[in-house]
Structure formats: structure tokens, C-alpha cells
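Enquirer: Spelled out from the first residue to the last, the chains are:
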Amino acid sequence: MANDAIVVEGLTYLYGELVAVDHINFNVAKGEILGFLGPNGAGKTTTIKMLTGQLKPKGGKATLLGMDVATNVEKVQAEIGVCFEDTNLYEQMSAVENLKLFASLFGVSAFDAYALLKRVGLAGREKDRVEKYSKGMKQRLMVARSLVSRPQILFLDEPTVGLDPASAEAIRNIILEERERGATIFLTTHDMLEADKLSHRVAFMNQGKIVALDTPHNLKQQYGKRALKAKVTTRSGKLEDREVILDAPETPKAIHELFDKEKVVTIHSEEASLEDIFIKLTGRRLVE
Amino acid sequence: MNPGIIKTLVAKDASLYLRNRLFAFLTALGIVSFIVIYFVLPSSVDEELEIGLYAPVLPPVFELIQEEAGLKFQIFESEEALIEAVTEGDYAAGVALPADIMEKFASGQKPQITLYFPSDALEEVKDAVEVMIRELAYLQTGQPLAVELSTEILGPDMLGEQLPPRDRMVPLFAVLILMMETMGLASLISNEVEKGTGQALLVTPMSVTDLFAAKGVIGVSLALGQVVFFMVIVGGLNSQPLIILTTLLLGSVLVTGIAFLVASMAKDIMSVMAWSIPVFITLSIPAFGVMFPGAVTGWAKAIPSYYLADTVHQAANFGAGWGDIWPNLVILLGFNLVIVWGGIMALRRKFR
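Chains as they are written, first to last, in this note's numbering: chain W, 1 to 288; chain Y, 1 to 352.
In short, the hints are calculated from the structure, not lab data.
Built from N, CA and C at the ideal position, the CB exists for glycine as well.
One thing to keep in mind: the hints can contain errors.
[What the hints assert, rightly or not] Every beta carbon over 12 Å from chain Y, so not counted as near; a handful from chain W, in silico:
| id | residue |
| --- | --- |
| 1 | Lys75 |
| 2 | Arg284 |
| 3 | Arg285 |
[To be verified] List time: in silico DSS-like cross-link candidates among lysine-lysine, alpha-carbon distance up to 25 Å:
| id | chain 1 | residue 1 | chain 2 | residue 2 |
| --- | --- | --- | --- | --- |
| 4 | Y | Lys7 | W | Lys58 |
| 5 | W | Lys75 | Y | Lys350 |
| 6 | W | Lys132 | Y | Lys267 |
| 7 | W | Lys56 | Y | Lys350 |
| 8 | W | Lys75 | Y | Lys7 |
| 9 | W | Lys100 | W | Lys135 |
| 10 | W | Lys253 | W | Lys225 |
| 11 | Y | Lys7 | W | Lys100 |
| 12 | W | Lys135 | Y | Lys267 |
| 13 | Y | Lys195 | W | Lys56 |
| 14 | W | Lys253 | W | Lys58 |
| 15 | W | Lys138 | W | Lys127 |
| 16 | W | Lys280 | W | Lys220 |
Isolated chain W, as found in the complex:
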């Protein structure tokens, strides 16, 4: 479809006998953030490798911006930015040199490395060798490198994993800024809260297959359990927990009884988390 940045049809990859990606189908609209979630070994990285032209699919097809990745690798790669899970910077070079190298490879002539480094919070350390950077600084530089060509599609593979809260938040802000710019973002993460907060839609991947794909809200509606959680004081003065399941036929009656018959101290609503839904769908945790 014309409005889709990424269209995946029956995409498959095998490592020998092992099916890493098993006939997956999805699309990502232009300007959308798709959270791609799954435990280690689910096939997320292999999917990214096929979408970015690093691996040739064993079956199916991936189309980015209307171009078949398998037959237009270089044209596709000119329009994308990739931030890898593992740090792979030239550590003997400075941050500026790293960015200028990649800007040159993308043929970007008017490029302000200092402005980009300032944007990711590395101002003042631009000329330091990367080997002197902390993990968080390196990860920020990785994100900056993926942005040098102002890509139309951004692939971010676990961009905040293992980072301190400040660095992780800085990277999340950059992701939101890129969304504002109009970039399409393909985000893999283990962090369900991050996916929930940033993504328009999330896809759950398990054992090479996509087991669910929808907005976080719809997934929660469809698979989750909404409830009211209350703390009440009993006649003997003890604090006890009460739970009222929402969206059930008996919910109104249960709520009335709670307030009529109990002394409610605190009350709040509770939504299912994406983690709960993932466990419900796959029987596995995201981080095992």
C-alpha cells in the first residue's frame, strides 16, 4: 500500500534446519512506530537483518518504501538507518570522525556532526576517542550514527538495553523526535513499558512467528484483564485487598457492594501489562 513504509509477506529464514523466521506477515505505515517484542531467539534480529538487506530471505518478500529489499539492497539502504544491539563503533576514532565517515558513505554533504552530537547529549566530548566513552555514551553515539542520513525508516535494535535511566530516557526522547520528523521506526525491545509508551502498535514474536500485532490498547482490551484494586478496613480494623473485575456482567453489582458494605481506604484501576499478555499468549516471559 502506498502509505506503508514496510510491507512483509511470508518472510522466512532458516539457519540450517532451524526455522528462525516462519512466514511472517505485517506492514508498518509511514510515520508509525512499531514495537517488535519477543524473547531472545524469537527471530527479531534475523527479521531486522532481512529487512535491512544483511540477510537474503529464504522465502517471502520484504518491501521497504515500495522497493523489494532483495533486489534493491543499496537503494533501500540509502533510505534507512540502523542502530545495532551490540556496540559496533570505530573505537579508535572520535565521535565526530565516526559520524563523518558514515555521512560520507551515505553521500551526505551538508552534515553538522557537532549539532547531532549535541542533540544526543554528547556535546563537549565530540573529539574524544570512542574507546573512552561509557556504555551509555556509546549507545547514544550509535543512535546518532543511525540518524546521519535523516533516514525515512529507522531500525533500532534494543537501543536502551543495559543503560542507566538518564541515557535510556535521552534515547526515548530522540525516538519521539524522530517520530515527529515523520520517520518510520521499527523498534525491538525487551522493555514492555518502553514499547507501550513509544509504539503505535506492537508485534509479539515467538519462535519465529508473530503471535499478536495490534495497538497496546487493543491488545490489552483483547487479551488483558482490567480490574479495580481496593484496600479496605475490616470491622476488626485490619487492612485487606479487594479486587473487582471490570467488563464482566456482575461488575456494577460488585462495585456497589464494595462501596456499600466495605470501608474503602484506597482504590485504583489496574490494566493488564504487555508482559502479562505476552505470557498469556506464549507461555513465556520476555526475559527468561
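Given chain W's structure and the hints, the job is docking chain Y onto it.
Expert: Below, chain Y without anything else, positioned relative to chain W:
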């Protein structure tokens, strides 16, 4: 291929190469050492001929000749001892006189004199010894052609000409300098795979062909630059410079292909070293054969560097022309095609 991308990658690799302190140090140390060794070695050959002599009866003229400048005779008690000493390379030649030499001179017959030469004796030495013996016989008898000479070569006969040791070492040094580059380039490539930077490059608009072209250009440039620098300093390009430069260019391509192979097998700097050392030793063998004629037998021709070392030796030291060395260059080119192709195929797997 995209020339702009290749230029960017070459500049990046050159910068990283120079920032690798270990290889920059080893490279500089190697070149300086080879230049120093070259100039420390004798620049001329020893002109005094040491000749072994077995003479059951010593004609009077041989006693006189022992006083000649540039000649030094050593008398041996037996012909076997003489042969052994010449075979060991202790003497430039050995002369065995027959026991009846004086009787034959007296009766007008030609006595049979045997000349022994080591396998790597130069033709000019052989000629000089033969002329000297005929001269002595003439002085003794007053007759020309007064003796019959028979020549025996001890060990395999090695054609050659007398060269100063340092000139003989030039091909060895050239091969060693080129080989040092194998380790540097292999380390650069292996590091690219190990650190994942190659993966980052391959999701930009550059192609795998651009990547290999850039690695090839940087490998050949570094190797050729260093070896040509060495050759210029030691005067190795004074004779047949075009042939030598062509040969060194082919040698640089050869070591670049070998670096690709080493990098495809290595995982880190230590395994680059581990793979490089046996390759280094193997490729040096033919060059040692040029230094020490007879030390290496025909199997060395199965090693590609033979055609590199031999061509440099022939062109730099004997002024060999295109007509003499073209078969070497064709064989070296053939080895290059196979090794570079094999290296690219092996490395391509590694970058996936």
C-alpha cells in the same frame, strides 16, 4: 563500484592502520632494521681466492705461486680431505695433482689434474682457476696445453655470479617487508569482523564489492609503499626499475590476498598472529633460496613467493629483462588470481 565510497573507506583504513600502535611500530621497526642490516653487510665480495691443494709431489712453480697476492693455497694430505673441505664450502676450489705429474711433464705427456668446485661456485672463479693451472703448467714446461683438466662439481651445480651479500639479501628483505603487511591488513579486517563495524558498513549504500575493493586498495598501497621505500633507499631500483616495480606490485597483490585468507580464518589479533607466522615462514623460504643458492630445492617453486623473490633477484642483481622473467610474472599473476579470489570468497562468508 562507487569510487567515492572506496576513497572514504581507504582513508578510514589508512587512519586506523596508523593508529594501531603495534603494527605501526612493527612496520617502522622492520623497514628500519632491514635498511640498517643492508648497509651493515659487506658491499663487496672478498677478492682473495682460497684454494685447497692435494699434491703428492709439488712442482716448483706451485711453490712460487703461493706468494701471489689474491691467492691462498692450503695443502691437504689426501684427496678425500680436499673433497670434503671443498664440499663444506671452506674453499673456492680444490686442485688435485697426480702423483706422477713430474714424470709426465718430463716425458712430454699431459698429466691429468682434477679441479673440484663447490656447487655454488661462480663461473668466473671456475674460469680463473682453470686459467691459473694452465699458466702454472706452461711456466713449468714451457709448453702450452701441457695438462689435461677435469672438473668436478661437488653438490648440485648452481649457476650464478658473485654478488655482495647485501645485494643477495634484497629479495629476502622485499618479501619480508611485504609479508609484514599481511599481518597488518589481516588484523585490520579481522578487527572489522570482530567488532561488528563491518556489519555497520554493510547497512549503508556501499556494496560488498566496494568493501573488498577498498581493502584491496589499502592493502596493496601499504605493502607497495613500504617495499618501494625500502628499495629506493638501498638502491634496489637502479636496475630494471619498471620490471621490479611490476613484480613488487604483483607481490603486494599476493600478500593482500593472503591477508584476506588469514583474516577469514582469524578471530582476533592473537589468531591473526598465529595464522600469519606459518604463512610468513613458508613464503620466506624461496627468498632464503636466493640468498643461499642450493639451500632450497625445486619444491620451493610451488610457493608463490619464489616467483617474486627470483624475479627481484634476477632483475635487481643481474639486470634480467622482460624476455627473461615473463614466465615468472605470468605464474605470479596466476597465483594472485587464485589467492585473491579464494581470499574474497572466504572473507565474504565472514561478513555475512
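Enquirer: Hint by hint, note whether the structure agrees.
Expert: Here is what the structure says about each hint:
The beta carbon of Lys75/W is not kept farther than 12 Å from every beta carbon of chain Y, the shortest such distance being approximately 8 Å. In this structure Arg284/W is separated from chain Y by more than 12 Å, as the shortest Cβ-Cβ distance comes to about 28 Å. No Cβ of chain Y comes within 12 Å of the Cβ of Arg285/W; the nearest lies about 28 Å off, and the non-interface call holds. The hinted pair formed by Lys7/Y and Lys58/W fails the criterion: a straight-line CA distance of about 34 Å is larger than 25 Å.
At roughly 23 Å between alpha-carbon atoms, Lys75/W and Lys350/Y fall within 25 Å of each other, so this suggested pair holds. Distance hint between Lys132/W and Lys267/Y is fulfilled; the C-alpha atoms sit about 24 Å from each other, no more than 25 Å. Simply put, Lys56/W and Lys350/Y have alpha-carbon atoms about 15 Å apart, close enough for the 25 Å limit, and the pair holds. Proposed proximity of Lys75/W and Lys7/Y is supported: the alpha carbons are some 20 Å apart, at most 25 Å.
For the given pair, Lys100/W sits about 21 Å from Lys135/W by alpha-carbon distance, which is consistent with the 25 Å threshold. The hinted pair formed by Lys253/W and Lys225/W meets the criterion: a straight-line CA distance of about 18 Å does not exceed 25 Å. For the hint linking Lys7/Y to Lys100/W, the alpha-carbon distance of about 14 Å falls within 25 Å, and the restraint holds. Of the supplied pair hints, the one linking Lys135/W and Lys267/Y holds, its CA atoms being roughly 23 Å apart against a limit of 25 Å.
Distance hint between Lys195/Y and Lys56/W is fulfilled; the C-alpha atoms sit about 22 Å from each other, no more than 25 Å. For the proposed pair Lys253/W and Lys58/W, the alpha carbon gap of about 56 Å is over 25 Å, so the pair is violated. Restraint check: the Cα-Cα separation between Lys138/W and Lys127/W comes to about 13 Å, which is no more than 25 Å; the hinted pair holds. The suggested pairing of Lys280/W with Lys220/W holds, with an alpha-carbon distance near 11 Å, which does not exceed 25 Å.
Consistency note: the structure conflicts with the earlier hints numbered 1, 4, 14.
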